[in-house]
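Each of the two chains sits in its own frame; use the hints to bring them together as a complex.
If you read the sequences in order, they're chains A and B.
Just so you know, this note's numbering puts 194 at position 194 of the first sequence, and the rest follows in order with no gaps.
Just so you know, this note's numbering puts 201 at position 201 of the second sequence, and the rest follows in order with no gaps.
Calculated directly from the structure, the hints in this document are not laboratory data.
Think of the CB as a built atom: it goes at the ideal place given N, C-alpha and C, for glycine as much as any other residue.
All clues given are correct.
Result set (DSSO-like, lysine-lysine): computed pairs, CA atoms no more than 30 Å apart in a straight line: (1) K9(B) / K73(A); (2) K56(B) / K113(B); (3) K56(B) / K93(B); (4) K218(A) / K178(A); (5) K74(B) / K113(B); (6) K128(A) / K9(B); (7) K70(A) / K200(B); (8) K77(A) / K279(B); (9) K73(A) / K363(B); (10) K279(B) / K9(B); (11) K70(A) / K279(B); (12) K151(A) / K2(B); (13) K16(A) / K363(B); (14) K181(A) / K218(A); (15) K365(B) / K70(A); (16) K77(A) / K2(B); (17) K45(B) / K66(B); (18) K363(B) / K279(B); (19) K9(B) / K151(A).
Computed footprint of chain B on chain A; a stretch qualifies when at least three of its residues, placed anywhere within it, have a C-beta under 8 Å from a C-beta of chain B: (20) 48-58; (21) 84-98; (22) 102-110.
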Amino acid sequence: MNKVIESSGISRSFGKTRALDNISFYVDEAEVFGFIGPDGAGKTTLFRIITTLLLPDEGEMKVLGLDSTKEYKELRKHIGYMPGRFSLYQDLSVEENLNFYATVFGTTVRENYDLISDIYSHIEPFGKRLAGQLSGGMKQKLALSCALIHKPALLVLDEPTTGVDAVSRSEFWDMLAKLRKHNITIIVSTPYMDEAMKCDRVALIQNGKILDIDSPGKIRDGFSRKLFSVRSSEKFRLITALREHPGTVTAYPFGDSVHVTLINDKAADSLYDYLIAKGIKDVSVQETEAGIEDRFLELMEKGATA
Amino acid sequence: MKRFLGFVKKEFLHIFRDYRTLFILFGIPTAEILIFGFAISMDIKDAGIAVLDLSKDEVTQKLTNKIISSGFFKKTEDLLYYNDIDKAFKKGKTKAVIIFEKDFGKNLFSEGKSSLSIIADGSEPNTATLITNYTTAIVNDFTRELSGPALNKSVLIKPEVRMFYNPNLKSYFMFVPGVITMILILICALMTSVTITREKEFGTMEVLLVSPLKPVQIILGKVMPYFILSFVNVLVILGLSWLVFGLPVKGSIVLLLAESMLYILMSLTLGILISTVSKNMQQAIFISLIGLMLPTILLSGFIFPIENMPKVYDYVSMIMPPRYFITIIKNIMIKGTGLMYIWKETLVLIAMTLFFTGLSVRKFKIRLE
Numbered sequence: 001m002n003k004v005i006e007s008s009g010i011s012r013s014f015g016k017t018r019a020l021d022n023i024s025f026y027v028d029e030a031e032v033f034g035f036i037g038p039d040g041a042g043k044t045t046l047f048r049i050i051t052t053l054l055l056p057d058e059g060e061m062k063v064l065g066l067d068s069t070k071e072y073k074e075l076r077k078h079i080g081y082m083p084g085r086f087s088l089y090q091d092l093s094v095e096e097n098l099n100f101y102a103t104v105f106g107t108t109v110r111e112n113y114d115l116i117s118d119i120y121s122h123i124e125p126f127g128k129r130l131a132g133q134l135s136g137g138m139k140q141k142l143a144l145s146c147a148l149i150h151k152p153a154l155l156v157l158d159e160p161t162t163g164v165d166a167v168s169r170s171e172f173w174d175m176l177a178k179l180r181k182h183n184i185t186i187i188v189s190t191p192y193m194d195e196a197m198k199c200d201r202v203a204l205i206q207n208g209k210i211l212d213i214d215s216p217g218k219i220r221d222g223f224s225r226k227l228f229s230v231r232s233s234e235k236f237r238l239i240t241a242l243r244e245h246p247g248t249v250t251a252y253p254f255g256d257s258v259h260v261t262l263i264n265d266k267a268a269d270s271l272y273d274y275l276i277a278k279g280i281k282d283v284s285v286q287e288t289e290a291g292i293e294d295r296f297l298e299l300m301e302k303g304a305t306a
Numbered sequence: 001m002k003r004f005l006g007f008v009k010k011e012f013l014h015i016f017r018d019y020r021t022l023f024i025l026f027g028i029p030t031a032e033i034l035i036f037g038f039a040i041s042m043d044i045k046d047a048g049i050a051v052l053d054l055s056k057d058e059v060t061q062k063l064t065n066k067i068i069s070s071g072f073f074k075k076t077e078d079l080l081y082y083n084d085i086d087k088a089f090k091k092g093k094t095k096a097v098i099i100f101e102k103d104f105g106k107n108l109f110s111e112g113k114s115s116l117s118i119i120a121d122g123s124e125p126n127t128a129t130l131i132t133n134y135t136t137a138i139v140n141d142f143t144r145e146l147s148g149p150a151l152n153k154s155v156l157i158k159p160e161v162r163m164f165y166n167p168n169l170k171s172y173f174m175f176v177p178g179v180i181t182m183i184l185i186l187i188c189a190l191m192t193s194v195t196i197t198r199e200k201e202f203g204t205m206e207v208l209l210v211s212p213l214k215p216v217q218i219i220l221g222k223v224m225p226y227f228i229l230s231f232v233n234v235l236v237i238l239g240l241s242w243l244v245f246g247l248p249v250k251g252s253i254v255l256l257l258a259e260s261m262l263y264i265l266m267s268l269t270l271g272i273l274i275s276t277v278s279k280n281m282q283q284a285i286f287i288s289l290i291g292l293m294l295p296t297i298l299l300s301g302f303i304f305p306i307e308n309m310p311k312v313y314d315y316v317s318m319i320m321p322p323r324y325f326i327t328i329i330k331n332i333m334i335k336g337t338g339l340m341y342i343w344k345e346t347l348v349l350i351a352m353t354l355f356f357t358g359l360s361v362r363k364f365k366i367r368l369e
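For reference, chain B alone in the conformation it holds in the complex (with noise of 0.2 Å):
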């Protein structure tokens, strides 16, 4: 126990020795954060919208001031001409532009309809995309206000749509369990896989299979710091992820923290079978960052959902521990749901993370080749 605790501990000066383990631990998960959340966010904030209004009467007024006022669009400038519209675009704050037709008001009153156009700039076709849909949310929403219960004969059926969980769509509800995911497996994988390697690299790993220490001490002793300072991160980005983005927990903090656990030890027994495998750190570091941060991305649902894809990359994602604990964590957080919705998932990591203690530990080896 002794033996092993002095390990413990010389793992732990390697690691506060070195600026960069200790920036990767927690300079990168912050960042990534924050990155995440509101640089590469999937919602309309402020999008510049510019106006060609030919009518100029009181219902194009009006139309334009809620738009304005709904806090996703800010008015860049007033256009006077269609050739002015191309212009707009090319200076680049203009996302999008409202064009009233002529006598917008009196058509719609004597006539009971007229048209808007919305164009959108389509090289940036999610933005574009966003901006349409919520300002012919605003226009419709406009029209039932303006004709009142009286005038309701024309539309009978109007669906009423609401998110649940995740009411105004916020885009880091789903970019913080993402990130989470992401940066466990990327960090516990590629720390435990690195860390081992250097020792085979720099010779030391000689002397410690020529002392009395086990294998399993050796890597118990490699794995148990980046557990503790894993779970100290996943504290630092939920607390974060809070503070910043008043994004609570919704479930149980526990459950969360404990499955948060399982997957670290998922990740780390990863790191270790990369270790056995891998002859020098640079081989490690390859195998762990493209085998690994990649698929993570693409093929875990953390950004394009499983449900799209081509039934082969859904078998393929099967085998990707992120998938599944992307299901937990966003179940925990965001629904609310306990172990009762979780446990196949939960019963897969358990499964992944003994298979890789076992082939792990078989291929350790007791010897140099």
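Next comes chain A alone, as it looks inside the complex (with noise of 0.2 Å):
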């Protein structure tokens, strides 16, 4: 299979801040490859390295066989970018923005429409909007969809989901699945974890470093303590006793429970006589399987203290 994207050694800093140390990876053709990561980490410069807009301080970057720094004109005919602002004018139509892109990238909406129509069709009766007007899910559909009309090798998605509605989301992603049938090459950053579900291969990306690069299912067994789900209707208590525990390793609040582990992962009853005997009520302690999160949170930990 052909590499689609071969980044190695890239850095790149701002002032004295590092954004990128060390960056090497690669993305296989028609493959959609996730970033994963919190604010700041980094994904929107190596995005902007991918799409030569920044050039890296150091590192190789290789997209679609071309240099991004040497051949960035070449590049830029295949590359469909939605930047993490939804780059459309708002003062445009749905229907002007699509042809404006279309035009700009040498095509007409008519010739590639069997691309975008799943997407657009959505869009579609509000042709006649302008950009400005439209719902966040919508503005979304229309900036993928403009960023898709001239039938990109590789589309790079900023955040797209950022700003969105869950409902918008996951259709989002559920499009994102069909392309994949175009051949085309997706990369996407994101800071939800749930999402990263969806992605064939995912990067943990902290502090301008990659943590760890596998499918999501391979990050998420990578987990190597047992975890328990710890839930009480006292949370904020819970969570302090649960820290103050001397067996504790971790303890990360996860939706209606606290995700916690231990140094001895058979400690678990006696984890609840703790609780119960700090007053806490309607404790339960339940084994539960390791999200892709916890696998995160756990490397963070171990980038933190190495």
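Here you go:
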């Protein structure tokens, strides 16, 4: 299989901040590759280097077999890019936006309509509406249509689901899955851990460093300890008590429960007794399966102590 | 080419969809021409004048009539005592008072001379100077008529002043070229710099950069609509000043329009340059307004003659493009001169255009910072 992106040793600093530190990875053809990490991890900087918008200080970035610093002109013809802020002209209508991007990339809406029809059909009824008056979800669909209109070989989506409602988010991922059959490689960044599971492979990124790259399932399986889900009606006191507990390694809030790892995996019963002794009501301790977020937090913890 | 046209079309859509842009493009120039032409007039028309006639004879009567009927003045009231002068000024309508001494006519014929005073309201120095100059001229004229050729022994040389090109010293002769100069550089530089920085601010520049559009195409696409609209603007201003003020273009209109195009182009490239150095719209507006408007008004010779400035200002004004265009446009419109007399200024503008273009193409970032 061809490698669509090959990044070796990419580093980039802004002043004293090291936004990217020795980033190496590859992306296979027709893969959906996710970059998962909190805000400020360096995802946008990395994407801008991939899309030729920024130069790396060190390292080499090959995209579609082209050098992203030297052969940027040729490369720009084959990339579809959707920046974090949807780059739509607010004062142009839906149709005008789409037509404009089609013309600029030297194609027509009709020519590649089949590629975007799944996505665009949702917003087509609002064709005459100004982009500025669309809802977040519709803006996102329009921006994706605009990025796809020239049938790019590589689609770069920078936090496409930020600021979009939950229904639109899941719809959006369904659309990305459908794009795979058109042989389009997709790299996508997101701060949402649950979206990681929808990618073929993900890279966990933190403070400009890649912590791990693998399929989401394998990343999750990399979780090294037993994980317990602890619940109580008094969540705040529960967390405080858990963190004070001498046998606790980590305790992170997770939805309506707290995910806890222990020094001794078999000490779950004694943890229960400890919490009851602390006077916390309605305590339940259950072993649970680790999610990708748990693994991410574990890796972050390691990175911080290392 | 199709890409480029698509881009230009998009720019036109932006302009026509934003009523504020349209207002700045066409509303402001029209308003400025009318404001500068009428309100900030430097001519006197119907200036209020009061008369304190202590003589009340045939001669003072005649002279008063001559002054009032000149069209420059309007009599506000007749005063009886010296004490009334201050009151008359304070009422506000009276800008000057003319006082005839006692026995004005009698003295004139018996002693050959008599005197009158003109008291003007010095709180408006410009008007005051103009009023005194005008009345003095009328009085001189009157004396000459009265004395006739026979009595010509005392005054031998009489300067006869005539203004060429602008015989009546109409101030809109000066303002229309000035306003065109100022409006064009402001609108062109402001609009282009704002529209480019807007793309940066809304993040659309990121996608444009990633697109196969060349920087030259982006720049030209941004400039083209404003070039056309500014040119229409020139036509509107010229038409308006011809219709409203009857200001003719004495020289070649083709030359005038060609020079205007050159100046528009220069201003547009300046706008692009501003956009490449400013990070957001506010900065672009600030640089365009403060950096261009004030120097244009103050240092281009629009209002204050460059000849009267300290040498340092003269040198500073040399880097102000409006200075050259104002010379060009005044020459063509008012004096009716041809390219022969303005080729130096034209060359300077061409050089500036090339310089700004070169600099902005070099500074235009094909990447983000």
